[in-house]
Amino acid sequence: MPGESLAVIALISGGKDSFYSLLHCIHHGHRIVALANIFPTSAGDDPTTVRVIDPSQSADSAPVGAEPDEVSSSAPVRDLNSFMYQTVGHEVIPLYASATGIPLYRQPILGCAVRHERDYNYTPSHGRASESAGDETESMMPLLRAVMARHPEANALCSGAILSTYQRTRVESVATRLGLVPLSYLWKYPILPSVPGRPSEEVQLLRDMATAGVEARIIKVASAGLDESLLWENVTSETGISRVKVSLRRFGTAEGASLGEGGEFETIVVDGPAALFKKRIAIPEDGMKIIAEGGGSNWLMLRGAQLEDKVAEQQGTPLSIREPGLLDTRFQAISDHLDHTNRVAQAAGFDSSNLVRNSHGQYRADSDTLYCAFVADIPAATSRIQDEAINVVDKIKSLLLAQGLESSQITSVIIILRNMADFAAINTEYGKLFTKPNPPSRITISGGDLLPQDRNMVVYVTAPVANAKVARDGLHVQSRSYWAPANIGPYSQAIETAVSVDSEPTGLRSVLIAGQIPLIPASMALPNGSESLPREQVVLSLQHLWRIGFEMKVQCWSSAVIYIASQRSRNDAREIAKLAGQAWRLAHGSPDDDGDEDEDADGPDPWDLKYNPQFQSLGDAETKTACPTIPDWSVFTLRHQSEPGSCIPPVFAAEIESLPRGSLVEWHAHNGLKNIKESSAELVHFPTVGSDGWQSWHLIVRSGEHDVVYTTMAYAGADGPELVNSEELEHDLDAVYQASMRRLQPSAAGCAIPLPYLGYVDSNRINGLWRRKSGADVEVPFALVPCHSIWGSDGQQLAAVTLYKTIFTR
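Position 509 of the sequence shown, counting from 1, maps to 509 under full-length UniProt numbering, and the rest follow consecutively.
The hints are simulated quantities; they were obtained by calculation from the structure and are not laboratory data. Take the hints with a grain of salt, since some may be wrong.
[What the hints assert, rightly or not] Cross-link-like lysine to aspartate or glutamate pairs, in silico, DMTMM-like; alpha carbons within 20 Å at most:
id: 1; residue 1: Lys245; residue 2: Asp227
id: 2; residue 1: Lys188; residue 2: Glu255
id: 3; residue 1: Lys245; residue 2: Glu215
id: 4; residue 1: Lys245; residue 2: Glu261
id: 5; residue 1: Lys432; residue 2: Glu406
id: 6; residue 1: Lys245; residue 2: Glu228
id: 7; residue 1: Lys469; residue 2: Asp366
id: 8; residue 1: Lys436; residue 2: Glu406
id: 9; residue 1: Lys677; residue 2: Glu551
id: 10; residue 1: Lys677; residue 2: Asp632
id: 11; residue 1: Lys469; residue 2: Glu406
id: 12; residue 1: Lys674; residue 2: Glu705
id: 13; residue 1: Lys674; residue 2: Glu551
id: 14; residue 1: Lys245; residue 2: Glu255
id: 15; residue 1: Lys432; residue 2: Asp422
[Unchecked claim] Distance windows between CB atoms, simulated:
id: 16; residue 1: Leu401; residue 2: Arg31; range: 40 to 50 Å
id: 17; residue 1: Leu401; residue 2: Asp227; range: 55 to 65 Å
id: 18; residue 1: Gly662; residue 2: Ser229; range: 49 to 59 Å
Glycine residues also receive a C-beta, built at the ideal position from the N, C-alpha and C atoms.
Make a model of the complete structure from these sequences and hints.
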């Protein structure tokens, strides 16, 4: 259950990050049951033996295969430079068992880096040679199985990944295969809220380690600017931090360099807080030998390490761990400023005659993307929910086969359930579709009795057509951290693909992000109930969306919806919709925002950050990470930038039955767009278009000879909540869409009218939503989300919202 105390196996390398992540586990009330370490094999080692060091037993009574509590003298005189594991300083590792009082398990590295991809793609053998066989990542499997055999209560695995996707995805792969919850509390730590009153900088992590009592010594340097004089420097001291920063600045550095994330340096922890370290480790001066490997790489071989008793007064010192604030500066300000009573005006509209557009061109529907709806062939009354799920999954497989596609090419999925309690059973069958890294992003909601009468689920799938050249990338973080909720299972935080025309990629890329509910990332629990609960959930889940968007380098959104769990009254739903609309507007800010309201006035001047060599590398990275800014205002025309309200994309609220985990809200951004050139985007809003009650928005992004147009149309109705037949609505949709496109571009007259790729319909105002083809078969005209109510960001009640994607070729 979320928030429960876990029994943790802590992967340790001896370095600062793995130990500080371990301390965060203790801080959150988890229990460390074992330490686990992968080390380089030496002559005479049996690579299949897991070595055990039990601090409760003396060396004389150690179990067979155990190491004595001292440092081996048979260590190799070279660093193996593993892609995955720290190998220098491993001579000291055996002392950690007695130093901490926690049993230590060690496994030699088996194999080498066979799989070099960033996101680890484990392939099971199934009776044949596995592509993952021999990869050093798999060394963790026998080690952790041995630990779990001795500690059957173990249910979590802790690691120290900060920025390395390579390392994180490999640990997650092993953990999830063994049924362990992956914990990476330091993931993205440098961009998280810093100490109040101080400018945000990535070396704050080192200062936090020092505050916690971690003493980490540099034992390897491998970067221009770092030389052997830094060996054995205490990197968690102010002197050590300063020396590393100054040394790295001389040559320019990448993100994470001052933390050693790119292998610039490696450390060994010799002491820590009394909550973990009962004794400290001491290395005599004559036990340190510098090994020069060439190419600027130098490391220390350590000999004669011993344990020392700690000062008595240190034993009662409480653990001091800084937990980054739940909200960063921008979103805390949004939370503080939200007012339930303020109405939020829609973005100002611009007349299409003011747009400089080429009248000689053609609009056409997006033909490079498949938008597919799936409903089970078998009525729910005659089947189990698992049977219905299997039937839908089989239909998805059949369509993919017919289209020449693989499940790994699916980019996003929307699952609408009748009963959210069925989610676990459905997820088991759904998950079988995906065996490769970065499964599609996913939105899961419950429509309750708004679904077809005898069906328990409807699934909408988006994928590129078979011949479209759309290189795919993704973000799938399965570890708990302070950054954003973990996605354990068959769905990624985000999937990115190229926007293509006639199967050829344009420069524009689309990012499809999973629905975001307001889970507290470190515990995966919802915020506790309070008077500010709606505001807290709206803002926290919106911050999750922004953080993922920032990580994926999103420059702007096309549109968004916030799903609201069923409310007691329409007025309650309206108020949450207005709250969400205001949060959405405030999150966008304006071009005048600096994004760092809490920056110390004594910090670097913006001119310094841009032009002064002292700040162009490390300083720049450290001071710009706290408050990511979306949108990137430079992509909009100067006219738009002078009126920031005109750049805020449409947002709506859809009241449905329920959401995962009993959440109140879930944010769904329809498209995040990136690789937009400067001054290449416009957002045009027609407050009235076509027949009464309709309005439209068009986000136009120029890319080469094409304009990619994302259209949102909303229908409020002419005179209140009248009942409309779905066929009448579809007829109006076609007429209003064409009228809106003609206003946008005269040459659009007579253009083909595409189907919406997604729509939201108030089931109380639109009847005949689900149609029967023959017998019990259900026909879905396009991807439709049935709602109890729909609201504009200003609290106006809507009957329907539809989304389109079209291409204009100049």
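Exercise for review: Sort out which numbered hints this structure fails and list those numbers smallest first.
Suggested key: Structure breaks no hint.
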